[in-house]
Structure formats: structure tokens, C-alpha cells
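Engineer: The chain contents come next:
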Amino acid sequence: MIEEVISVELPVGEKLKIVKNRLEGTNPGFKRIVIVSGIHGDEFEGQYISYETARRIKKNPELLQGTVEIYPALNPLGLDIASRVIPKVNMDMNRIFPGDEKGTVMEKVAAAIVNDIAGADICLDIHASNVFIREIPQVRISEEFADKLLPYARLLNVDMVWTNASETVHESTLAHSMNMLGVPTMVVEMGMGTRISRRFGNQVVDGIFNLMREMGVWNGPEEKIQYPVISTDGEVEFIRSGVTGVFLPAIEHNHYVKTGDKLGEIVSPLEGTVLDEIIAKKSGLVFSLREYPFVREGSLLLRILTGIDD
Amino acid sequence: MFQEKIYTVNSSYRESMVIRGYSFGKGDPAACILGSERGNEVQQMYICSQLVKALKELEANGCVNAGKKILVVPVINALGMNVDRRFFGVENQDINRMFPGKEHGDTTDRIADGIFKVIKEYSYGIQLTSFYMSGEFVPHVRMMETGYQNASLANLFGLPYVVIRKPTPLDTKTLNYNWQDEMTAAFSVYTNKNDTIDDRSARQAVASVLRFLTRMGIIRYESHSGYISHVIMEKDLTDVHTLSGGIFKGLVSPGEDVRYGHALAEIIDPYEGFVKETLLAPTDGIVFFAHTEPLIAEGAIAYRLIHRLHE
Numbered sequence: 001m002i003e004e005v006i007s008v009e010l011p012v013g014e015k016l017k018i019v020k021n022r023l024e025g026t027n028p029g030f031k032r033i034v035i036v037s038g039i040h041g042d043e044f045e046g047q048y049i050s051y052e053t054a055r056r057i058k059k060n061p062e063l064l065q066g067t068v069e070i071y072p073a074l075n076p077l078g079l080d081i082a083s084r085v086i087p088k089v090n091m092d093m094n095r096i097f098p099g100d101e102k103g104t105v106m107e108k109v110a111a112a113i114v115n116d117i118a119g120a121d122i123c124l125d126i127h128a129s130n131v132f133i134r135e136i137p138q139v140r141i142s143e144e145f146a147d148k149l150l151p152y153a154r155l156l157n158v159d160m161v162w163t164n165a166s167e168t169v170h171e172s173t174l175a176h177s178m179n180m181l182g183v184p185t186m187v188v189e190m191g192m193g194t195r196i197s198r199r200f201g202n203q204v205v206d207g208i209f210n211l212m213r214e215m216g217v218w219n220g221p222e223e224k225i226q227y228p229v230i231s232t233d234g235e236v237e238f239i240r241s242g243v244t245g246v247f248l249p250a251i252e253h254n255h256y257v258k259t260g261d262k263l264g265e266i267v268s269p270l271e272g273t274v275l276d277e278i279i280a281k282k283s284g285l286v287f288s289l290r291e292y293p294f295v296r297e298g299s300l301l302l303r304i305l306t307g308i309d310d
Numbered sequence: 311m312f313q314e315k316i317y318t319v320n321s322s323y324r325e326s327m328v329i330r331g332y333s334f335g336k337g338d339p340a341a342c343i344l345g346s347e348r349g350n351e352v353q354q355m356y357i358c359s360q361l362v363k364a365l366k367e368l369e370a371n372g373c374v375n376a377g378k379k380i381l382v383v384p385v386i387n388a389l390g391m392n393v394d395r396r397f398f399g400v401e402n403q404d405i406n407r408m409f410p411g412k413e414h415g416d417t418t419d420r421i422a423d424g425i426f427k428v429i430k431e432y433s434y435g436i437q438l439t440s441f442y443m444s445g446e447f448v449p450h451v452r453m454m455e456t457g458y459q460n461a462s463l464a465n466l467f468g469l470p471y472v473v474i475r476k477p478t479p480l481d482t483k484t485l486n487y488n489w490q491d492e493m494t495a496a497f498s499v500y501t502n503k504n505d506t507i508d509d510r511s512a513r514q515a516v517a518s519v520l521r522f523l524t525r526m527g528i529i530r531y532e533s534h535s536g537y538i539s540h541v542i543m544e545k546d547l548t549d550v551h552t553l554s555g556g557i558f559k560g561l562v563s564p565g566e567d568v569r570y571g572h573a574l575a576e577i578i579d580p581y582e583g584f585v586k587e588t589l590l591a592p593t594d595g596i597v598f599f600a601h602t603e604p605l606i607a608e609g610a611i612a613y614r615l616i617h618r619l620h621e
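Heads up: the protein sequence lines correspond to chains A and B, in order.
Residues in the first sequence are numbered from 1 upward in steps of one, following the numbering used here.
Residues in the second sequence are numbered from 311 upward in steps of one, following the numbering used here.
Just to be clear, a hint being listed does not mean it is correct.
Dumping the calculated DSS-like pairs for lysine-lysine here, alpha-carbon to alpha-carbon at most 25 Å [as the list claims (entries may be wrong)]:
# : chain 1 : residue 1 : chain 2 : residue 2
1 : B       : 586       : A       : 108
2 : A       : 108       : B       : 476
3 : A       : 17        : B       : 545
4 : B       : 379       : B       : 315
5 : A       : 102       : B       : 545
These aren't lab readings, by the way, just hints derived from the structure by calculation.
Please model the complete structure; the sequences and the hints are all you need to start from.
Structural biologist: As C-alpha cells, then:
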């Protein structure tokens, strides 16, 4: 059942509508699982996950206990033009939560979304990195809520769970707002902006059904899942560019590297020279790899998860 | 006057973005004035350029007091200015949401860190900036309620209003908040424009900064005493929201005195031209903020009024 969360009249002949698909099982009041996506309008991986989750439930509706609600597009104006931020106001929607019913238009929209999700038993916020970096399927949770969220995150069939040190700016995210309201909420990251990886999508959807099964919401057969590496900030090696130029990676994404391996180079197309060679200082898994070639001093090139073996 | 490089950002096919500071006087780092951090803050850059011009003349006439150093940084995001982008680089990041910055962080973190290392030692920090809601304000000084804010010092600018804002988590990454956190008395000065130049309000801003510097014993400058500022808590402003979307025809401007029930704006149907809605003043007061774009959505804040204040 398609339901409207909030509708706002735009200036010229259109309404901004946030919609959700409410899929009810045999006992709708039992538990409620929420999947949201599209806060950033340049991230499309959640489109496949929304589709595939709804498709599998509709194929075997009798296996569903409780309710699954899917919100594929929290920032529909951004998704329409692949804009990461909210068009016109030029703000990151994931920095205005929990919103304000008496605030600006988008603060009201954010407040309506929070109110609508409130009371759910679990919420998954699906992201797709950005147009610069490719990511392996992972769950990111803040340290503040790690104890509560880790048991759920382990069930999601992702490659890793990254427990971030909590920054104050995270307090403006949907995940933080929902966790503060007692709804266990996890941020799932995978792939990269403006693309869909069906392989990564299927991996995470298998995890979602596994989680639902463990929560008693899905009576389908047991999924074959993997358990993720659990990491903290101390185990993640950030490699940033020290020069300005064009980055050419020498390795594949989701690849193990050893200390001393060449990871890539930064070149000058004008001069035909190599400006810098990027060499691994630690061994580990390249879980984030830059796809967007132009870099300045400080641009993120790779993240390596250290302390694990091939 | 000395020109100094505050921070440099290199680019593959453009000239390096050099953030330039202009210093006046020698001695204690007394006051730092910072201009446009965003690529559309043209008015803010213009005000700073006029301050550089005025301070150069004052210094030549021996009017910068001994042992006091003033630093003016007119532009930060020059790359954005030249390509008409508010935020920095392809990542579209707001430099004013990156403070205090990180030395080994991403490019925008490094810019914020490079600037902040230089300017955090000043006793007084004045930022010319713009708000996240587009529209026009009455000129005012804005401060964050951090516990370190000093509204009586903000009064010394002699602008009509001082506004105190309770910070949200997002505000904790702004320059104003972090300056205060480093014990710099920080003020944000807002005029009525951002991406266009209004000479009258720019002159008012220049005069207010020079007045403040004089009152703090940093320069000697004869000026009008200005206003005795009215201090407002931002949460006490009365917001006027639209009930429908359409063409916005504002009928009142910032600074105007309005009475309960007066028409503030009309929302016009964009296809058939009829008036869909007339926004009425919910209280007596002064218009503090006005939406100025020609289009508006349902539920938008069209005006913010200072409740029950009269001219």
C-alpha cells in the first residue's frame, strides 16, 4: 500500500511528496521494519534494495509477520536531478534532522519523516557513498549506540561494520535522531554514487531478510550469510593525496594489499609526469577506493582496513 | 599595510587559490575581520575590501594604536566566486561548516585548519557572513549562545540589533562557534544582501566595524555613535509561514514597522494570476527578515518579525 508521509505545494504546478510502501504481513502489529533511502540525491543503490526487498516480500507475502515500510526517496527533488543536496536550498538533508515542525520547509519535511518512522523496531538508512569513492557493503554506527546496534549489524551480510568515533555533526543525521528516539537505526553504505551494483544490492538484501528472520518478522528459509569484520577508527588507515593532479589507481577495489605495494599514482597530464606514487604503509583490505580522478591536497584516495589477513 | 599568505590551495588547471590577509599595525593580535567564505558572498567581500581601503588610510595617518594588530581577510572561496558556486570545490563543501578544521583532513578541512591557526589568536573576531535561508535581513550582529558570548560588546558595533542564537549541532562547526570556543570574542555581522552589492548597507557595515575597533581602543576613528542595539533572542522572533506555494509578491521590507493584520505579501497563482493567499501580520512588530525570491513553497518562512517592537 503506497502512503503519503508529507506533501508540500511547490511554487509552480507540483507537490513535493514523500511516499512509502507499507507491506503488511499476517500479523501487521507484530513488528515494524523500516528501510529508507535517497537522503542524498546522487545515491541510487537504495533504489535496487527498495525494489528487491519489496519484490521478494510480494512473491511470498505469507512469509511476512509484522510490517515492512520502504521509503525509497526521502529527497525526491535531489534524486530527480542527481543532486546530493536539497536543490535550491543547497543543504545536505542528512544535516537537518530531527527537523522542526515550525521551521523551514525542509525542516518540516524532516520532522514529518522522523514522526512517521518513530516507533519502528528497526530502521536501515541505505547510502551509496558519493560520486567520488567506491565502498564495499558496510554498516556504519556511532560509538554512542554501538552496544545496542552491533548485534543487528552482524546479521546484515555486509563485509564490515565500522564503528565511528562520534562527531557532534552526526547529531544532525536521521540515524542519530532515530537512535535517540529509541529506534535502532543503522547506516548501510555500499557501491558509489549514481550507480547501482546488483551484486552488492543482493548481498545486502539477503542480509535484510536474515535480520528479519532473526527478529521473527520473516518466516522464509535461512539465508547463507557472512559475518562482517568489526572495526573501529584505529584500524582504518586513511590515505589522502599530498599533491594536486589526476589519480590513477594501481589496484582493484575490495582488494588486499601488503606493506610496500603500489596503490596508485598521481600524474600531471600537462607535463606527462608522475607527481606522486602512493605506496601502502600498512597491509589490509582496500574497502574504499577513489573513482573520481581529479584530486587536490587532502583528497581521500583509499581507506584500508588493517589488522586483518587475506 | 602588509599582505600575507594565509593558505594556498593548488589546482590542476587554474591558478592557485591564495587566501590573502592584510594586516595593519604591529603588536598584539587585536582584531581579525573575515569576509566571504562562500562563493556568493559578494557583499561581504566588498565590505572587507572597503575596510582594507579605510584601514590603509587610517594607518597612514597614524590612527592604528600602538601595540595593536588588525588582520582583514576579504575572500576565502575565490575559486567559488569565479565559477558562481557558493560552496567549495567539486565536493561542494561549506567551508563555514568545517571549523576548527583538520591539518590532515580533506581539502576543505585543511583550508579551515590553515585559516583557523592564523586567526584564532585574535582577541576579537568579526565575520561578515550570510544565513542558510536566502532573503534579506535588517543589519545586525549575530552571536552564538555558547556561554562565552558577550552581548554588551556586540552593542558597541552600533547596529540596530544584536541577535543571539542557540546553537544546533550543525552550528558547532562554524567559525563563530569555534572562535568563541578559543576565547575570541566572536561576532557575525549581517547586512541586507549577499550576492549583490548594496552600497548603503555596506557603508553601514564598514562604519560599524570601525566604530567597534575604535571603542575597543584598537584604532582612532571619529564616527557617528550609531544605535543603542536592541538585543533579541532568535527563538523569540515571530515567523510568518505561507499556506500555499506560488509567485511571491512581498509588500513590506526589512526594517518596516507593521501592525497586526496588515498585509505582508501576496501569493499569486503562477498560471492564472489570481491572489491565492494574502499573508497578514500575526502581531505588531518590525520586519527582521524577508523572503525576497520571486517564488515560494507552501510552509516557507516568508517573514520573521520582532514581536511588539515599534520604530
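Engineer: For each hint, tell me whether it holds in the structure or not.
Structural biologist: Status of the hints after comparison with the structure:
1. As the CA atoms of residue 586 of chain B and residue 108 of chain A are separated by approximately 22 Å, the hinted pair is consistent with the 25 Å bound.
2. Under the criterion of a C-alpha separation no larger than 25 Å, the hint pairing residue 108 of chain A with residue 476 of chain B is consistent with the structure, at around 19 Å.
3. About 29 Å separates the Cα atoms of residue 17 of chain A and residue 545 of chain B, which puts this hinted pair outside 25 Å; it is violated.
4. For the hint linking residue 379 of chain B to residue 315 of chain B, the alpha-carbon distance of about 16 Å falls within 25 Å, and the restraint holds.
5. For a cut-off of 25 Å, the pair hint linking residue 102 of chain A to residue 545 of chain B stands: about 11 Å separates their Cα positions.
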